[in-house]
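Chains as they are written, first to last, in this note's numbering: chain A, 1 to 342; chain B, 1 to 342; chain C, 1 to 342.
Please keep in mind that the hints were generated in silico from the structure rather than gathered at the bench. The reader is advised that the hints may include incorrect statements.
[Claimed, not checked] Footprint (simulated), chain C over chain A, 3 or more residues, beta carbon under 8 Å:
(1) 50-64
(2) 73-84
(3) 152-164
(4) 248-260
(5) 319-327
None of these values were measured; they are calculated from a predicted model. Backbone N, C-alpha and C define an ideal beta-carbon position, used for all residues, glycine too.
Chain by chain, the residues:
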Amino acid sequence: MVVTLAEIVARLGGEVAGDGRIEVTAITTLDAAGPGQLSFLANPKYRAKLATTKASAVIVAPDVLKDCPTAAIVTPQPYLYFARVAQWLQPRQRPPVGIHPSAVVEGTVADSASIGANVWIGPGAEIGERVVVEANGSIGNDCHVGADSWLHPGVAMYSGCRIGARAIIHSGVVIGADGFGFARETDGSWVKIPQSGRVLIGDDVEIGANTTIDRGALEDTVIEDGVKLDNQIQIGHNVHIGAHTAMAGCVGVAGSARIGRRCTFGGAAMILGHLEIADDVNISSGTMIAKSVPNAGNYTGWVPFLEHADWLKNFSRVRHLDSMADKIRALEGRLAELEKKS
Amino acid sequence: MVVTLAEIVARLGGEVAGDGRIEVTAITTLDAAGPGQLSFLANPKYRAKLATTKASAVIVAPDVLKDCPTAAIVTPQPYLYFARVAQWLQPRQRPPVGIHPSAVVEGTVADSASIGANVWIGPGAEIGERVVVEANGSIGNDCHVGADSWLHPGVAMYSGCRIGARAIIHSGVVIGADGFGFARETDGSWVKIPQSGRVLIGDDVEIGANTTIDRGALEDTVIEDGVKLDNQIQIGHNVHIGAHTAMAGCVGVAGSARIGRRCTFGGAAMILGHLEIADDVNISSGTMIAKSVPNAGNYTGWVPFLEHADWLKNFSRVRHLDSMADKIRALEGRLAELEKKS
Amino acid sequence: MVVTLAEIVARLGGEVAGDGRIEVTAITTLDAAGPGQLSFLANPKYRAKLATTKASAVIVAPDVLKDCPTAAIVTPQPYLYFARVAQWLQPRQRPPVGIHPSAVVEGTVADSASIGANVWIGPGAEIGERVVVEANGSIGNDCHVGADSWLHPGVAMYSGCRIGARAIIHSGVVIGADGFGFARETDGSWVKIPQSGRVLIGDDVEIGANTTIDRGALEDTVIEDGVKLDNQIQIGHNVHIGAHTAMAGCVGVAGSARIGRRCTFGGAAMILGHLEIADDVNISSGTMIAKSVPNAGNYTGWVPFLEHADWLKNFSRVRHLDSMADKIRALEGRLAELEKKS
Numbered sequence: 001m002v003v004t005l006a007e008i009v010a011r012l013g014g015e016v017a018g019d020g021r022i023e024v025t026a027i028t029t030l031d032a033a034g035p036g037q038l039s040f041l042a043n044p045k046y047r048a049k050l051a052t053t054k055a056s057a058v059i060v061a062p063d064v065l066k067d068c069p070t071a072a073i074v075t076p077q078p079y080l081y082f083a084r085v086a087q088w089l090q091p092r093q094r095p096p097v098g099i100h101p102s103a104v105v106e107g108t109v110a111d112s113a114s115i116g117a118n119v120w121i122g123p124g125a126e127i128g129e130r131v132v133v134e135a136n137g138s139i140g141n142d143c144h145v146g147a148d149s150w151l152h153p154g155v156a157m158y159s160g161c162r163i164g165a166r167a168i169i170h171s172g173v174v175i176g177a178d179g180f181g182f183a184r185e186t187d188g189s190w191v192k193i194p195q196s197g198r199v200l201i202g203d204d205v206e207i208g209a210n211t212t213i214d215r216g217a218l219e220d221t222v223i224e225d226g227v228k229l230d231n232q233i234q235i236g237h238n239v240h241i242g243a244h245t246a247m248a249g250c251v252g253v254a255g256s257a258r259i260g261r262r263c264t265f266g267g268a269a270m271i272l273g274h275l276e277i278a279d280d281v282n283i284s285s286g287t288m289i290a291k292s293v294p295n296a297g298n299y300t301g302w303v304p305f306l307e308h309a310d311w312l313k314n315f316s317r318v319r320h321l322d323s324m325a326d327k328i329r330a331l332e333g334r335l336a337e338l339e340k341k342s
Numbered sequence: 001m002v003v004t005l006a007e008i009v010a011r012l013g014g015e016v017a018g019d020g021r022i023e024v025t026a027i028t029t030l031d032a033a034g035p036g037q038l039s040f041l042a043n044p045k046y047r048a049k050l051a052t053t054k055a056s057a058v059i060v061a062p063d064v065l066k067d068c069p070t071a072a073i074v075t076p077q078p079y080l081y082f083a084r085v086a087q088w089l090q091p092r093q094r095p096p097v098g099i100h101p102s103a104v105v106e107g108t109v110a111d112s113a114s115i116g117a118n119v120w121i122g123p124g125a126e127i128g129e130r131v132v133v134e135a136n137g138s139i140g141n142d143c144h145v146g147a148d149s150w151l152h153p154g155v156a157m158y159s160g161c162r163i164g165a166r167a168i169i170h171s172g173v174v175i176g177a178d179g180f181g182f183a184r185e186t187d188g189s190w191v192k193i194p195q196s197g198r199v200l201i202g203d204d205v206e207i208g209a210n211t212t213i214d215r216g217a218l219e220d221t222v223i224e225d226g227v228k229l230d231n232q233i234q235i236g237h238n239v240h241i242g243a244h245t246a247m248a249g250c251v252g253v254a255g256s257a258r259i260g261r262r263c264t265f266g267g268a269a270m271i272l273g274h275l276e277i278a279d280d281v282n283i284s285s286g287t288m289i290a291k292s293v294p295n296a297g298n299y300t301g302w303v304p305f306l307e308h309a310d311w312l313k314n315f316s317r318v319r320h321l322d323s324m325a326d327k328i329r330a331l332e333g334r335l336a337e338l339e340k341k342s
Numbered sequence: 001m002v003v004t005l006a007e008i009v010a011r012l013g014g015e016v017a018g019d020g021r022i023e024v025t026a027i028t029t030l031d032a033a034g035p036g037q038l039s040f041l042a043n044p045k046y047r048a049k050l051a052t053t054k055a056s057a058v059i060v061a062p063d064v065l066k067d068c069p070t071a072a073i074v075t076p077q078p079y080l081y082f083a084r085v086a087q088w089l090q091p092r093q094r095p096p097v098g099i100h101p102s103a104v105v106e107g108t109v110a111d112s113a114s115i116g117a118n119v120w121i122g123p124g125a126e127i128g129e130r131v132v133v134e135a136n137g138s139i140g141n142d143c144h145v146g147a148d149s150w151l152h153p154g155v156a157m158y159s160g161c162r163i164g165a166r167a168i169i170h171s172g173v174v175i176g177a178d179g180f181g182f183a184r185e186t187d188g189s190w191v192k193i194p195q196s197g198r199v200l201i202g203d204d205v206e207i208g209a210n211t212t213i214d215r216g217a218l219e220d221t222v223i224e225d226g227v228k229l230d231n232q233i234q235i236g237h238n239v240h241i242g243a244h245t246a247m248a249g250c251v252g253v254a255g256s257a258r259i260g261r262r263c264t265f266g267g268a269a270m271i272l273g274h275l276e277i278a279d280d281v282n283i284s285s286g287t288m289i290a291k292s293v294p295n296a297g298n299y300t301g302w303v304p305f306l307e308h309a310d311w312l313k314n315f316s317r318v319r320h321l322d323s324m325a326d327k328i329r330a331l332e333g334r335l336a337e338l339e340k341k342s
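If we strip away everything but chain A, and leave its shape as in the complex, we get (with noise of 0.2 Å):
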């Protein structure tokens, strides 16, 4: 694919600055593009890698582009027209249309969509114009997969579940396995309780590799238009996660946790159960909330690490923060009586 500057813009947006005639095929980091190839500069330190860089063309915001020695595509927002760029110049591969013939298919197929090898599509499910299923997926029973989505090899997705529009679901994703939800007999075991709701997503979702969200156990598993979830993430049971949320890897949800929307987790941070957590909550990696958190804002809570023999002299310390406080208390009642002799 060929196109010109002028087209870029046209398209997407934003100013040529120099020749809109100027042709690029791809668009790639500054160090490692060259000449046909299009760049971006997204963030401000990297600046100085404008001066050596050998791309034809370079994504700039205005307050830059006096020092751009190539020509340029001025938009305030560098690193989303690049995103944008690269969706149009890097469509992904669509595999053939059609039902492979090893695949199982007990349910209903639009004409446009592309079910790969030994994928199993369970009877009453209903599979949207223009789904990609790639190899070895399992599609229970009942499932909706909405147009365009499109599920990575050996993606699992139990009965009665929904996914919307345009959704990318990868591999070794579990959508609608049972919630953990046991009540316990006197003698310590469990008796299972049935989880017999679903799990529903949105449009525009995508939900990283390896990634479990479990199925309600009375009531639904939410989860809404545009959130990103990466991989290795467990969503609990009853759960609810707001529009445009984004969780990094290896985050944790506890059940029935109601989740704001537009907030942001690192990676590993873990959410109890029960809790709400409001719009625009920006939450830091390896933290654990164990309370609600009413108000947007930032939130953090983990341990800095040390030299291992200096982290074991500072760390034995935190099991006797409580008696520190004791004694600081006890020195400054005891300095007051010496102060008010003196």
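The hints should help you fit chains B and C onto chain A, whose structure is shown.
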């Protein structure tokens, strides 16, 4: 399925308060239940919802009965009773008995079992009565799956492993992969220790989606009866987990840990290797257990979160706890000197 | 397989102490070994077990030989020697050579390879000599798997990725899913950055069950020779892991981290993105690395657990460390004043 309150009590115990001929078809929450449905009050803090429920009857504890405006089933443990009713009214829909033509069966399968599309069952494997193996499962050579167990789509079981009766194994579970065992060369490279043990799983075990249980190195990894593991849990080689222990999502247990009976582990708890944990130990979410726990009880170790700016201010101090303790001791000494003089 | 001690030493080095004609058929622990079996003493703290072992011979270090009542193989590194003997005596059983009729092969497979039931191998993929791809694996377009590598059931490999020679890839591993890259719109929604890099994996790499390694965004994600990854590890896009580095289960590495050679990571360690970690760095279990580690050494950062009531008492203080430090400083000032006067 339609049952009367009298029929429920005849089967599951407890007492009817009100008209035993009342019929119900399903069980759900107090908020969601409508006429013809049963509900339950498990947590006394929701007692006020009794006044407004539209349920035809409610399962309640004896001390709550006076506040219940509907017919009731009275039992000392309403949540346990709910679990039993739900299992009865909402049985799992079994797939058809028999072997799907696309499955590859090289082992032995009971006539009453259900083997789904594109399943592989290796030579020497034995699949018991009424077992369900859903689509795309892989059961290695010489494995054994006990009667009435249910393997959801995409389970992988390595050769020689055993699952008891009535297990529920969710999608993406891997049973019997090699433990992480290597000897180190002087140049820093690693030589693999062959992992020749097995995984032995008892009766009535449930294992959540994408959980992994490694085979033993020389001995076996053992999961006793009634153990319940949530999603995304990692169990290392040679681990032994006692009966009726339950672990929430994202827990990790390192190799050769020996865990007692009836323990509970909160989400993302981490257990280091070669430890012993007594019976009836409860570990909080996010807690790392780095030494043995010889006594029953509740154990915790995580840091509370704060607004990010407050966290920065307070946690930078963690690195200096040892010198803080030194300063306090020095202050105590100097103060004692002054006190002597005054 | 029956071998004599003399044959073992001829192949693997070391010296026989006692009768070199003694025959052994297997190797196991000192407790489990019986007549006709070999054992080893790797950890000197178990030296007392030598007195009671029923093994026909034991692998020991030179300084332990005097306490060994059986025949022995003497070597400075008994554990490494055990690994080599076990690999020889307990070779993995290869599945039959050839392509199972239920597999769908659109790429190129060496005649000596073993392709299992219901595997899919995409167009342009190349499977090397003696490679094993077990049941339900999915190998995307244009992938390359090097000679003697072994992919256990249910591995998913996205298009264009490469695995070197002699790899062991466990079930549920996902190689080459999209990295987690989005640009943010002003309304808080996310625009996907196409992930056009690959995953390049060197020789002699082992990857544990359900581990995920994302493809690069513009560059490649690189795993060098001899790296060993345990189960449930998440490796983000553009990460580079140096040769012979080993990571225990549940570790997470965020995008663009650059990790040195011969490093070790304890379970559930978490590495933030865009960091550099030097060669020969050892990170403790449960430690979050939030800034670069430029020097070799041991680094730790986790909190010790306590009985729950003690934890509550002590950790509530963590939120007030800054004011504790202020109080200590104030005490020091006031005390100095008094000391001047006295």
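>> Tell me the numbers of any earlier hints that the structure contravenes, in ascending order.
In response: 1
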